[in-house]
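Chains as they are written, first to last, in numbering that gives the first Met the number 0: chain H, 0 to 395; chain L, 0 to 346; chain X, 0 to 163.
Treat the hints with care, as some may be off.
[To be verified] Quick list of in silico lysine-lysine cross-link-like pairs, PhoX-like style, CA-CA up to 25 Å:
{"id": "1", "chain 1": "H", "residue 1": "K205", "chain 2": "X", "residue 2": "K24"}
{"id": "2", "chain 1": "H", "residue 1": "K206", "chain 2": "X", "residue 2": "K138"}
{"id": "3", "chain 1": "H", "residue 1": "K270", "chain 2": "H", "residue 2": "K194"}
Because the hints were derived from the structure by calculation, they are not lab data.
Keep in mind that this is a model prediction, so the values were computed, not measured.
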Amino acid sequence: MTATTSGQVISDRQQLAYIASQAADARVNVELETEGMTLNIGPQHPATHGTLRIIARLDGEQVIWAEPSAGYMHRGYEKLTEVRSFPQVTALINRIDWLGSFANEVPFILAAEKLMGIEAPPRAQYIRTILFELSRIANVTLFLGDLGVQLGAITPVFFAFRDREYALNLIEAATGGRFHPNFDRIGGLKDDLPKGWIDEAKATMKKMKQFCDTIEDLLFGNEIFQIRTRGIGVIPKDVAMSYGLSGANARASGIDWDLRRDQTLPMAWDKADWKVITHPAGDSFARCWVRLQETREACSIVEQLVDNIPAGPIMAKVPRIVKVPEGEAWVSTENPLGEMGYYVVSKGDTGPFRVKIRSASFNNISITPWLLKGVFVPDIITILASLYFILGDIDR
Amino acid sequence: MLATLPYWGVSLIRILGGIVAVLLPAGSIVYIFLFKMMSFMQSRLGPMEAGPYGSMQLFAEVGKWLQKEDLAPDGADKRLFKMAPLIVLASTFLLVAVVPFGPDAWFTNFEAGVFYALAVSSVSVLGILMAGWSSANKYSLMGGLRAAGQLIAYELPMVLAVIGVVIQAGTMNLQQIVVKQNNDKIFGLHFLGNPYILTQFVGFIVFMIAVQAELTQTPFDMPIAESELVSGYMTEYSGFRFLIFFIGEFATAGVFALIASALFLGGWGVPFSWFGWHNIGDVANWMNVVGPLIMFVKMMIVVFLIMWVRFSFPRFREDQLQRFAWKVLIPIALANIMLTAILKVAF
Amino acid sequence: MAKPKVPGMFKGLGITFNTLVDTLKNGAATVQYPHEKESPPVRARGVIALREDNCTSCMLCARSCPDWCIYIEGHKELAPPRRAGGKPRGVNKLDRFDIDYALCMYCGICVEVCPFDALFWSPEYEYSEPKIADLLHDKTKLGEWMETVPEAPELESGALKGKK
Numbered sequence: 000m001t002a003t004t005s006g007q008v009i010s011d012r013q014q015l016a017y018i019a020s021q022a023a024d025a026r027v028n029v030e031l032e033t034e035g036m037t038l039n040i041g042p043q044h045p046a047t048h049g050t051l052r053i054i055a056r057l058d059g060e061q062v063i064w065a066e067p068s069a070g071y072m073h074r075g076y077e078k079l080t081e082v083r084s085f086p087q088v089t090a091l092i093n094r095i096d097w098l099g100s101f102a103n104e105v106p107f108i109l110a111a112e113k114l115m116g117i118e119a120p121p122r123a124q125y126i127r128t129i130l131f132e133l134s135r136i137a138n139v140t141l142f143l144g145d146l147g148v149q150l151g152a153i154t155p156v157f158f159a160f161r162d163r164e165y166a167l168n169l170i171e172a173a174t175g176g177r178f179h180p181n182f183d184r185i186g187g188l189k190d191d192l193p194k195g196w197i198d199e200a201k202a203t204m205k206k207m208k209q210f211c212d213t214i215e216d217l218l219f220g221n222e223i224f225q226i227r228t229r230g231i232g233v234i235p236k237d238v239a240m241s242y243g244l245s246g247a248n249a250r251a252s253g254i255d256w257d258l259r260r261d262q263t264l265p266m267a268w269d270k271a272d273w274k275v276i277t278h279p280a281g282d283s284f285a286r287c288w289v290r291l292q293e294t295r296e297a298c299s300i301v302e303q304l305v306d307n308i309p310a311g312p313i314m315a316k317v318p319r320i321v322k323v324p325e326g327e328a329w330v331s332t333e334n335p336l337g338e339m340g341y342y343v344v345s346k347g348d349t350g351p352f353r354v355k356i357r358s359a360s361f362n363n364i365s366i367t368p369w370l371l372k373g374v375f376v377p378d379i380i381t382i383l384a385s386l387y388f389i390l391g392d393i394d395r
Numbered sequence: 000m001l002a003t004l005p006y007w008g009v010s011l012i013r014i015l016g017g018i019v020a021v022l023l024p025a026g027s028i029v030y031i032f033l034f035k036m037m038s039f040m041q042s043r044l045g046p047m048e049a050g051p052y053g054s055m056q057l058f059a060e061v062g063k064w065l066q067k068e069d070l071a072p073d074g075a076d077k078r079l080f081k082m083a084p085l086i087v088l089a090s091t092f093l094l095v096a097v098v099p100f101g102p103d104a105w106f107t108n109f110e111a112g113v114f115y116a117l118a119v120s121s122v123s124v125l126g127i128l129m130a131g132w133s134s135a136n137k138y139s140l141m142g143g144l145r146a147a148g149q150l151i152a153y154e155l156p157m158v159l160a161v162i163g164v165v166i167q168a169g170t171m172n173l174q175q176i177v178v179k180q181n182n183d184k185i186f187g188l189h190f191l192g193n194p195y196i197l198t199q200f201v202g203f204i205v206f207m208i209a210v211q212a213e214l215t216q217t218p219f220d221m222p223i224a225e226s227e228l229v230s231g232y233m234t235e236y237s238g239f240r241f242l243i244f245f246i247g248e249f250a251t252a253g254v255f256a257l258i259a260s261a262l263f264l265g266g267w268g269v270p271f272s273w274f275g276w277h278n279i280g281d282v283a284n285w286m287n288v289v290g291p292l293i294m295f296v297k298m299m300i301v302v303f304l305i306m307w308v309r310f311s312f313p314r315f316r317e318d319q320l321q322r323f324a325w326k327v328l329i330p331i332a333l334a335n336i337m338l339t340a341i342l343k344v345a346f
Numbered sequence: 000m001a002k003p004k005v006p007g008m009f010k011g012l013g014i015t016f017n018t019l020v021d022t023l024k025n026g027a028a029t030v031q032y033p034h035e036k037e038s039p040p041v042r043a044r045g046v047i048a049l050r051e052d053n054c055t056s057c058m059l060c061a062r063s064c065p066d067w068c069i070y071i072e073g074h075k076e077l078a079p080p081r082r083a084g085g086k087p088r089g090v091n092k093l094d095r096f097d098i099d100y101a102l103c104m105y106c107g108i109c110v111e112v113c114p115f116d117a118l119f120w121s122p123e124y125e126y127s128e129p130k131i132a133d134l135l136h137d138k139t140k141l142g143e144w145m146e147t148v149p150e151a152p153e154l155e156s157g158a159l160k161g162k163k
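Next up, chain H with everything else stripped away, as it sits in the complex (with noise of 0.2 Å):
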């Protein structure tokens, strides 16, 4: 770790790439030039998830600059909620991050309930708080197979989808979607839980956690996933809050944050008893060993939440066309990949004025200039993996 002139620290590894990239121009005028070559990875690649590109300035296998090029797979979410009522906003949301798309409606909704002055029902506020840590469990569970992936491994995916079935099957049993549930209303909820479901969430559960430990002996405990991550990527603390990465990516730089504890929502986390997984190496291993661990604990939350569901209603009393009275309202979450929130601006009609999305992915990933300098080709995909973006979060 050494400070440059502008005051910016960066690590050993990046000052290097620095004078690499330095030495590569001084080179251009000399007679033994190596010519760099300008890499595209994506917008159609195995290893980006979606339509992101990477452009990256290779010396060899080295990396002297890289950036990424959003926008390929932009929907204009922003724009389309203008011209939406707030029940059919719900439904567009959801493709947001489309592997945990609960989890995109509930910060919306309380923005409009924000706004409204209503607070969802106890019972409403715990089955929500069990399907976005569904949700979320559903999202990293793919992840944690879609690294192996990345990494060369092949069997771990097969086994995450094999076992993220298992949690949506949940979703879809409460929702009617697999993917997209669009079950949450302002208010409340579409739907009270079909007879059963509690047993069939508990017996899930066991089978997520069994899936973690597999994921954890066949990929985590692997020395070859062990020296392909360990100490590749490094974000320190300063660097990572600098660049706004929020969610597992802060954590596993040593942030402690965590906005399900940090924050007063109307949502049941608070009655369950959990911790925040921090860990302070802020390497690709750490972030992944983070996500990891947090579904355990999302696993751990749905099985003391679903025991102690009060009984009652699951909808506050709300007029049949809802009307959101004027004002300005800011509601984030802790979400699959990372802080998402909603800013609101209602002009009293049936559908939002204007809609701000901020979502997690676009900040997590435009860390990737900085981190990608000096680093191997191998590495991008492995930290890239290991940030762990969702394409249409980035673009929306």
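With chain H held as given, fit chains L and X onto it using these hints.
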């Protein structure tokens, strides 16, 4: 039986046998291991529709590939591009030529067999490098360069691992190595013969790791690396040229497994003492039929190990892979050679 | 840590091998789709069924659809009076009720918003078509789906009864 045939007849049988020895293992490896074992390890069933239990799937895939257009990228060096897969496949055929399958069931039987096998196995590097370079694709180029670095680096531990066997057998003729293994004794015990996996266990491990790298199977699949290089040197190939690469990959796996079983597992033979044989002249004629079957079983076991590792492990990074070859495998192999030489002289 | 440490690589090999044995013994986790089928949960949003008699062509569903994939046309008709000697009633007759499943995003807002219980979810999912135009289901086809609509499931304990 072979003695009664004219020379050209024998040659024809041997050529046919060579084709069978390459394609049959390749096909069965793809079906048993790639389709079925991998699927079972991932708790799914694999192809089930084509034929009973999907056993005709391979033919369906071959049919599909043969129908496809023979494409070459615009910027490619067309002649090299089209030649490269053939060179890779040719090295497999050259390699199988020295493998003995029975007392008389061999393709060629010459003194420097091991030396020839190791030399010929590196011909495929040439094909891969040509494929990577001529594709006019950055990913292919990187894949080709990685392959060249890796295959050359792992050639060395492989050679060194085999030297232990050669020292112990005192010959480089694969046929005689097999005979030695079945006719020898360990510590005076005659029952098992002396399969060199017992005495050359370290050599076997080093050899298998090197084979894994030579075959670019998973912990060492940097040149292909689907998630990084989009299949590396094979990126631009389609249709039957890709098919040839594909056959080449698995046929080479089979042939290397054959060589490994000839070198370390006793090859086609059963311990001679079981039937009261004393040297190769005593071996009954039916071994020419049973030998290939024994060989096939042993090959399947070795390939099972290769594939098992392939389906369970993530991959190394290029520099870690090189470091592993030069700093770990080669010293171990050298120490093994020294130890073998000392013991050979001592006993 | 009392237990002996197994190198992670061998643990990984063990896991894949155990799965191999498990699949051979107990069968795979997958379902061989066209031969065997999974039954989706009762609430699964598979296809929308229409009870034509209940529909008054009020257009609420068409208006609340986020991607406007419901097409409704109707006209008023005079029906015979309920009581003898009464005035003929005006009844809304449905001429056309189409849902374009090529556009539908299965959000379920139309089903929820319908005030007369004319739309229902059915968990049926096998209606893919080789031609995209065939995904436009007209009212007879939507009516046929009514047979597959299941009873609403019982609710978990603690839920308020009698509320939709």
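These are the hints, each one checked on the structure:
1. H:K205 x X:K24: Measuring from Cα to Cα gives roughly 22 Å; hence the hint holds.
2. H:K206 x X:K138: violated, 43 Å
3. H:K270 x H:K194: Given pair H:K270, H:K194 holds - Cα atoms ~23 Å apart, limit 25 Å.
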